[in-house]
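Number of protein chains: 4
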Amino acid sequence: MSSETGHKLKISVFGQSHGRAIGVVIDGLPAGVRIDGEELYAFMSRRKPGTSRLSTQRHEEDRPVFLSGLVDGVTAGSPLCAIIENTDQRSGDYAALADLPRPSHADFTARMRYGESVDMRGSGHFSGRLTAPLCIAGGIAKQLLSKSGIYVGAHLASVAGIADEAFPLWPGRELFENIAAKSLPVIDDTAGEKMAKAIEDARAELDSVGGVIECAAVGLPAGLGSPMFDGIENRLAAALFGVPAVKGVEFGAGFGAAKMRGSRHNDPYIIENGQVRTEKNDAGGIVGGITTGMPIVLRCAMKPTPSISKPQRTVSLSKMEEATLEIKGRHDPCVAVRAVPVIEAVTAFTILDILMEEKENGSY
Amino acid sequence: MSSETGHKLKISVFGQSHGRAIGVVIDGLPAGVRIDGEELYAFMSRRKPGTSRLSTQRHEEDRPVFLSGLVDGVTAGSPLCAIIENTDQRSGDYAALADLPRPSHADFTARMRYGESVDMRGSGHFSGRLTAPLCIAGGIAKQLLSKSGIYVGAHLASVAGIADEAFPLWPGRELFENIAAKSLPVIDDTAGEKMAKAIEDARAELDSVGGVIECAAVGLPAGLGSPMFDGIENRLAAALFGVPAVKGVEFGAGFGAAKMRGSRHNDPYIIENGQVRTEKNDAGGIVGGITTGMPIVLRCAMKPTPSISKPQRTVSLSKMEEATLEIKGRHDPCVAVRAVPVIEAVTAFTILDILMEEKENGSY
Amino acid sequence: MSSETGHKLKISVFGQSHGRAIGVVIDGLPAGVRIDGEELYAFMSRRKPGTSRLSTQRHEEDRPVFLSGLVDGVTAGSPLCAIIENTDQRSGDYAALADLPRPSHADFTARMRYGESVDMRGSGHFSGRLTAPLCIAGGIAKQLLSKSGIYVGAHLASVAGIADEAFPLWPGRELFENIAAKSLPVIDDTAGEKMAKAIEDARAELDSVGGVIECAAVGLPAGLGSPMFDGIENRLAAALFGVPAVKGVEFGAGFGAAKMRGSRHNDPYIIENGQVRTEKNDAGGIVGGITTGMPIVLRCAMKPTPSISKPQRTVSLSKMEEATLEIKGRHDPCVAVRAVPVIEAVTAFTILDILMEEKENGSY
Amino acid sequence: MSSETGHKLKISVFGQSHGRAIGVVIDGLPAGVRIDGEELYAFMSRRKPGTSRLSTQRHEEDRPVFLSGLVDGVTAGSPLCAIIENTDQRSGDYAALADLPRPSHADFTARMRYGESVDMRGSGHFSGRLTAPLCIAGGIAKQLLSKSGIYVGAHLASVAGIADEAFPLWPGRELFENIAAKSLPVIDDTAGEKMAKAIEDARAELDSVGGVIECAAVGLPAGLGSPMFDGIENRLAAALFGVPAVKGVEFGAGFGAAKMRGSRHNDPYIIENGQVRTEKNDAGGIVGGITTGMPIVLRCAMKPTPSISKPQRTVSLSKMEEATLEIKGRHDPCVAVRAVPVIEAVTAFTILDILMEEKENGSY
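Residue numbers (my numbering), protein chains in the order written: chain A, 51 to 414; chain B, 51 to 414; chain C, 51 to 414; chain D, 51 to 414.
Since the hints were made in silico from the structure, they are not lab data. Some hints could be false.
Pairs count within a copy or across copies, as identical chains cannot be separated in the list.
Unchecked claim - Here are the simulated PhoX-like pairs of lysine-lysine, each with C-alpha atoms no more than 20 Å apart in a straight line:
{"hint": "1", "residue 1": "Lys360", "residue 2": "Lys309"}
{"hint": "2", "residue 1": "Lys309", "residue 2": "Lys244"}
{"hint": "3", "residue 1": "Lys309", "residue 2": "Lys247"}
{"hint": "4", "residue 1": "Lys360", "residue 2": "Lys330"}
{"hint": "5", "residue 1": "Lys58", "residue 2": "Lys197"}
{"hint": "6", "residue 1": "Lys360", "residue 2": "Lys378"}
{"hint": "7", "residue 1": "Lys244", "residue 2": "Lys232"}
{"hint": "8", "residue 1": "Lys378", "residue 2": "Lys58"}
{"hint": "9", "residue 1": "Lys232", "residue 2": "Lys247"}
Here chain A stands alone, though its shape is the one from the complex (with noise of 0.2 Å):
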């Protein structure tokens, strides 16, 4: 499945939903680092599901345990190996399914991919519960980079087009934290409000909506990454594609970039508290695929959940015939809601890999 991504930490990723546990193995990282548990699981409980009604009811403890790596909290040196176990597994809801593909769903990529031997009810489930160890690697990796300064954090910049306010130009670890708060994780609650009624009002209506996330990365020096094909741009996006919905990535103006003109899109250099910054960041961080300095900034289009509850056309594969869907079980309306610590995390393990590789860099 190439559950796999970094150059010098290495996250490989494994589970379905039939087995006795998913988890993930995080090779490179250095030792003697304390990972704080507590902190850790508060932050994977932002993607929990059930935590209140604009999401999923099912029940995932998702509390990690350490198989190895770590001693007394403390790494190891070794691979870290974590899982969380499976206990609620009721694939029962799946069952109708496997001989029509859900729309938009893996279901049907997934057999011609893997043949008639995947059953088809464990993919669809798979997708959405393996970004849990995800949260794991960008939980740690989160610790480490808080460290050396650097801040990761997120919100919900859209969801069914209604817009949150966009980061200021210079957020930081306080914006970061109160986001992370709240129910919904939104700068502007009162957007925010009028989100949680655009979920509910497609969860009523058996529908799903989709939404924008913004993620920004604070404290990082100029000069990390390489142009071409390792610049900074290539490796996040290359690693936040893996997050399921992901269906474009941007970043800084990006694709408002596209209707600007350079006197308007340029920013100009300035100089602030004897450093060479930007005036405005409408590169998000990231010129040549090289980090300004400047604080990165990037936005992931979430896809509406593909699985509601309203009849669909689909095809029965073995009788190769059309034939409509009505999916039973209960979803996420907005997968974009959960998935805001996902992309977090898939930030934070892809910038922590980038600097352990940078580190001295070009200093031989």
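Add chains B, C and D to chain A, keeping to what the hints say.
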């Protein structure tokens, strides 16, 4: 510079403005495939500057010389190296910039990354020119793909906010060739005229404009790719962000999907000519990282050319004080125009790489 | 710790002595293949300590638990994670060593690499024990290979300078099974008895002995592999040096070839059963990095167990003065004995990886 | 052909006998380092044929032309491409071989791998000639390493069973330079004379001889490398088996260790000049995949040149019948002689790659 990409088909680009030549090594091509040199040169000519007033007037002959890997026009199975000699190196144009980094250009970040030893004049010229070797690799990949009935094409989806028609549900070889033959690669000529005027206006005002490139790949089988970090979207995005000026990549409905409800976004499965297809293609041909068999459709946001002749605010790195910069010389007022074949090229060699990984060795 | 290997079939090992478990993630296995748990356990038992006086008496149950990747004993296409719980962690045995690095053991280099935060007691136990997860991966690989008529086997080519018979030109499944069933895996039992006595003598004298393991893989087609850096020899050697105590790897005549003339070393081509073969196999089945179709034959030099009970000279790292070390506890007097299945395992999963890369996807 | 190696410092070799040039792209060199062209050429001249009767008489000028990556002799931070033009392509010498594969040469395996489209005449010439670009990369790496006080040197440890002295415990720059200045790179000139005679005898009898090359790297810090699959031995072996004719690689005592007892093999730690060192170096400077700070010492077994003029038995691939082959043309009677700088080169760029990755390792 980490100018490498690919798993089974490895592309390694080299060159900078002051050297004798730029070029590419392509490692992993199957042996025994005839490469049509004229077709390759015709493809490469599409990114050449100086073909119209809409692009820069510098001359670049850009006819590739094959140093290895081809015997009598047939691939030998050994790494193919092709170079383009540097003939027009008017570095004087860039001389004044050494101390004043151009806003949103890689001058500043390259210096932070590589130190003062790096000649900033070269770094600027560097990026755009290195897309020629990418086109060599992509042009060869396009020839190999077409032998398997796979076609890749692109057009300017928008320039300065002026939109072209979108690709139809099933674009094909003929449409791609029609577009490629135009001076401005669009579907709708009326839109093209408006774009041309917007570009001319920007040039007249010493400014530049951005644009969006839409690229499609038709003919791929369903079931290519892998979930999570080795999906088609991850691979393509990782490579596409290597093209200078790309600030966003989206697949299918992309950021538009974030505003949709699931019932609108999901692509219903249908039976067509005895095959499972989708009625529409908001997934862009990829679900769960794996191809559906529908055309792959992606869009890249291209920022406006950062090199504009209008006076701009920057800083003097030696004096650490704010300064005004006026860039002399001729620059493309819209990099998106010449980037169209480059996006095709990168899409083509990435898809070929994925396909070669998935295929029986030697049986291409 | 960079405990990863493989291109298409990725093996990621984790675990250290103080953790709850050790294990392996195997990413890239084809879906739908039945794994025989008893056969796997029987294979793993061959590396278990405590089965005779010739190895250490510690108990390790080493029965793998599958956390993911298997559904009802059949591979699911998702990453397979298997763990072995740590039950016997008598770290007290190692307590005295913290300050006195054991000669030719990783204590000192691990501290130089990871700093004082790394508990040296663990690093010692670490290495040997982690060969159990390698055997899980290798045991599974052997089952997949045998479904394609490819068999991998190994024997003790020599111990303490006492030589076993070499493999015949065409070893096969039956010979491999005969060898595996013996308490000391040799072809010639007389040689085996002498080896056993040499090991016993070394143990009685609180010392240890080295040995050479010869491994063969039969049934591979000609034409696998690539010249230069991705050849079969490169790939196998890169993996085999990951087995603790390996200090040399040679193929075919190996170091013996260096003493030969070309007329003696060159393998004449012959026709046999309508196929091109070689009359002898001093190439070890590999020429120019590519398989000839003859058996792959390789040998690994295993150094004597560094943990010996004889008093040894070392230094106190805290006092920076010379000291004498006496290691308590029980240790294998000859690591080569238990390493035989480990060398088979690493050879098997590396060959499977190479084969999967070269094969049409899913058609395994 | 997968002619690539390296993690942070990537080496990509290209070329075959029928092309215009052979060469190498080196990606990842730090910017701002002056390369001494004469020193590089002097190093490369050591592998040139035709310098004595002991090697083939073909002329190869082999002076590298830098296409990119160097500005006024200083690295620019962009990928360095250097080529050597092919001037002497007497392919006629090989014409008769097309149907009769040379024993223990890559003719047969290349055809099995790449099909009939591959011109077998080229494949033979190919391998040996491509060691010139390896020497470009290695010669540059040696210059960078020496700026950090790290020196790499090699000698003929044996030819046709005639042994040179082994390296002393601490070889150094002066010894390496003395050896390099000799027509036959040995420590003991008496042994050298015997080797020269053995080579001459083999040539006179239309035959060839093998040899062993011993290579050392001095000045590396302790603590470089990682356990398991990313150890120093894994990395070096993976690269060294890319040199044509290498059939075995061993470190320290290597295969000799397999005959020793632990009490004889273990290297006692001592304090010397306030540093922890070992009294002897049977570990070859590497324990557990990590450097000890002692010199790295390795040996490569080089098979005898497979191209010999004596009549040999082979088969006609077109007629599928046994045949006799007489190879015309001049060939090195002992490839080990010219391979000495090649082994140095590969060792040097692999160590530089490791060093660049490990800078500030563990210091997160």
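So, going through the hints one by one against the coordinates:
For the identical chains of this complex, Lys360 and Lys309 are inter-copy neighbours only, at 18 Å across copies versus 37 Å inside a copy, given an alpha-carbon limit of 20 Å. For a Cα distance limit of 20 Å, the shortest separation of Lys309 from Lys244 across copies, 14 Å, qualifies, whereas the shortest one inside one copy, 28 Å, does not. Taking CA atoms no more than 20 Å apart as the test, Lys309 paired with Lys247 passes between copies only; the shortest distance there is 15 Å, against 32 Å inside one copy. Only between protomers do Lys360 and Lys330 lie at most 20 Å apart by alpha-carbon distance; the minimum there is 18 Å, versus 45 Å within a single protomer.
With identical chains, the CA atoms of Lys58 and Lys197 are at most 20 Å apart within one copy only, with a shortest distance of 19 Å there and 26 Å across copies. With identical chains, the CA atoms of Lys360 and Lys378 are at most 20 Å apart within one copy only, with a shortest distance of 9 Å there and 60 Å across copies. Proximity of Lys244 to Lys232 under the C-alpha cut-off of 20 Å is restricted to the intra-copy arrangement: shortest distance 15 Å within a copy versus 47 Å between copies. Taking CA atoms no more than 20 Å apart as the test, Lys378 paired with Lys58 passes in neither setting, with 43 Å inside one copy and 37 Å between copies.
Taking the shortest Cα distances, Lys232 and Lys247 sit within 20 Å of each other inside one copy (16 Å), while across copies they are farther apart (48 Å).
Hint violations for this structure: number 8 only, all remaining hints satisfied.
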